[in-house]
Amino acid sequence: MIRMVNVSKAFGTHHVLRNCSLEVKDGESLTIIGGSGTGKSVTLKLMLGLLKPDRGQIYVDDVEISKLDEDQLSETQKKMCYVFQGGALFDSLTVGENVAFGLRQLKKGTDDDIAETVSKTLNLVGLAGIERLKPAELSGGMRKRVAIARAVALSPKYLFYDEPTTGLDPIMSDVINDLIISLHKQLGTTSVTITHDMKSAYKISTHIAMLYEGGILQVDTPENIQKTTNPVLKQFITGSAEGPIKMKVRAGE
Amino acid sequence: MAKRAFEELTWERRLLDWVGRTLLDVADMMGRLVILCRQTIYWLKSAERRVVMQQIVEIGVNSFPVTALTSLFTGMVLALQTGFSFRKVFNEPIYVGTVVGLSLTKELGPVLTAVVIAGRVGAAIAAELGTMKVTEQIDALYTLGTNPVKYLAAPRFIACIIGIPFLTLMAIFIGIIGGGLVAVYRLGIPSGTYINEIRQIGWKEGAHGLIKSVFFAGIIVTISCFKGFTCEGGAEGVGKATTSAVVLSMVLILVLDYFLSAILVAFGIG
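If you're matching them up, the sequences are chains Z and Y in order. The opening residue of the first sequence carries number 1 in the numbering used here; numbering runs sequentially from there. The opening residue of the second sequence carries number 1 in the numbering used here; numbering runs sequentially from there.
To be clear, the hints were calculated from the coordinates, so they are not data collected in a lab. Some clues are possibly wrong.
Here are the simulated lysine-lysine pairs, DSSO-like style, with alpha carbons at most 27 Å apart [unchecked claim]:
| no. | chain 1 | residue 1 | chain 2 | residue 2 |
| --- | --- | --- | --- | --- |
| 1 | Y | Lys45 | Z | Lys108 |
| 2 | Z | Lys52 | Z | Lys199 |
| 3 | Z | Lys107 | Y | Lys45 |
| 4 | Z | Lys157 | Z | Lys185 |
| 5 | Z | Lys25 | Z | Lys78 |
| 6 | Z | Lys108 | Z | Lys79 |
| 7 | Z | Lys78 | Y | Lys45 |
| 8 | Z | Lys134 | Z | Lys107 |
| 9 | Z | Lys199 | Z | Lys185 |
The following label-pair restraints were derived from C-beta to C-beta distances [to be verified]:
| no. | chain 1 | residue 1 | chain 2 | residue 2 | range |
| --- | --- | --- | --- | --- | --- |
| 10 | Y | Val265 | Z | Glu70 | 37 to 43 Å |
| 11 | Y | Arg50 | Z | His14 | 55 to 61 Å |
| 12 | Z | Lys107 | Y | Thr22 | 45 to 51 Å |
Ideal Cβ placement from N, Cα and C applies to all residues, glycine included.
Next up, chain Z with everything else stripped away, as it sits in the complex (with noise of 0.2 Å):
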């Protein structure tokens, strides 16, 4: 499980997150809406300790991560994988050395053994037999899939997904939904989703957040998410320009 607890986090003078509280049960599928910086991929980071909270606890299993030291940290980030938006695959190596690069980094079998996890995680997530291809030569959603292939070949507890459909055609959108809630289900693993998209949302999740203003506005299902009266939510949700969330569309405004 993993919590935050009365969590603030600024860059300089701008105020990301302020108190805010969130809770991750094991074997969740928890997405997290909101706007357009309004510190949905800042509360990721927080929860895996690629940044440091300046107020409040986060706990992963029971372990207050933020007091941590680096090897120690180490060792509960090795629980956790990240699939970044732009999928953050290394350039310099092949895919089959990106998907190869985590397992051989933490010793995790033999050569022969890692050539046979990487060909399976590939032909999980529908790309088998692209192990010599680098990154340059793929498309969007392909970069997609094998970043989250190199997040699952780890095996982790915990997945993050960093906006998974943003910048995809819908069928692919469609396609890399399916394929989390595959790995949901197949691996039983606990995931944290943040996205603008709503359709996503609903169809990944078991539960959604909606951060606003620094805080946990609601935590609900998908269902009652749908069926919301709170004025932000439902304006969020609907996609209207009207409504209690103001946006900065002319300039000086």
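Given chain Z, work out where chain Y should sit, using these hints.
What follows is chain Y alone, placed relative to chain Z:
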């Protein structure tokens, strides 16, 4: 509000404010550089051999042609200028071998090699790590159980510390050959005289040049890795990180050259 308050300050206060900020920034950068150095040294023993070998090829072997060409022509022009100048003063081109040999071994070999490598390798390291930083590949390393300093900085550090002194040695040798060609075929100095003068260069002069090149290698790799790791802001940020890595490395090489020379001479090395 803060902007208005700043505008109301007198120019003396603004100057003080600027000096204070600059000093704080420099102190912050120095602190982070020292931390990076400490972490790099800590991870040296864990650096992957395969990556170290790749970097030695990239930094050492692939930099050889440009270093060789630079030092060849430096040796040639040094011999030419020395020969003509001494012919004007002494009526004959004497001490060409001594001047070429000592200049290349103690100064031009290490400094020119370091400057060329700062431009070629330092820029490549800063650009590569900077691109990795802005495309979140450095964060990805953390999430895959790998410390970026161990995987990226430590192998480059080892490759530079081994490769740059070796390149310096080659540069000195090639420069002396270039100077010899001009001395013999252009200035008409007997080859035996030139070789005898070169033979006067002892191990102390060689050690002087090589010790400096080790320090220059440390500067190039540390500054370039630091600029890459701290790069921010997309393509523009990568460009800025690359430029500042090269400029800062070159300036520090030239500044450190004076102080290292003074210290080594004081200790009787060269």
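Verify the CB-CB distance for Lys107 (chain Z) and Thr22 (chain Y) against the hinted window 45 to 51 Å.
46 Å, holds
Restraint check for Lys134 (chain Z) with Lys107 (chain Z), where alpha carbons must lie at most 27 Å apart
This hinted pair holds, its Cα atoms lying about 23 Å apart.
Below or equal to 27 Å on CA atoms is what counts here, so check Lys78 (chain Z) against Lys45 (chain Y).
Roughly 22 Å between the alpha carbons, so the hint for Lys78 (chain Z) and Lys45 (chain Y) holds.
If you draw a straight line from the CA of Lys52 (chain Z) to the CA of Lys199 (chain Z), is it 27 Å or shorter?
32 Å, violated
Just to be careful, I want the Cα atoms of Lys25 (chain Z) and Lys78 (chain Z) compared with a cutoff of 27 Å; is the pair within it?
The given pair, whose Cα atoms are some 18 Å apart, holds under the 27 Å limit.
Tell me if the beta carbons of Arg50 (chain Y) and His14 (chain Z) are separated by a distance inside 55 to 61 Å.
For Arg50 (chain Y) and His14 (chain Z) the Cβ distance comes to about 42 Å; the hint is violated.
Can you tell me whether the CB distance of Val265 (chain Y) to Glu70 (chain Z) sits inside 37 to 43 Å?
This hint holds: roughly 42 Å between Cβ atoms.
Going straight from one Cα to the other, do Lys157 (chain Z) and Lys185 (chain Z) come out at no more than 27 Å?
Status holds; Cα separation ~13 Å.
Is the straight-line distance between the alpha-carbon of Lys45 (chain Y) and that of Lys108 (chain Z) 27 Å or less?
21 Å, holds
Please verify whether Lys107 (chain Z) and Lys45 (chain Y) have alpha carbons no more than 27 Å apart.
17 Å, holds
Given pair status - Lys79 (chain Z), Lys108 (chain Z), alpha carbons within 27 Å:
14 Å, holds
Given pair status - Lys185 (chain Z), Lys199 (chain Z), alpha carbons within 27 Å
Within the cut-off at roughly 19 Å; holds.
Consistency with the previously given hints fails for numbers 2, 11, ordered from lowest to highest.
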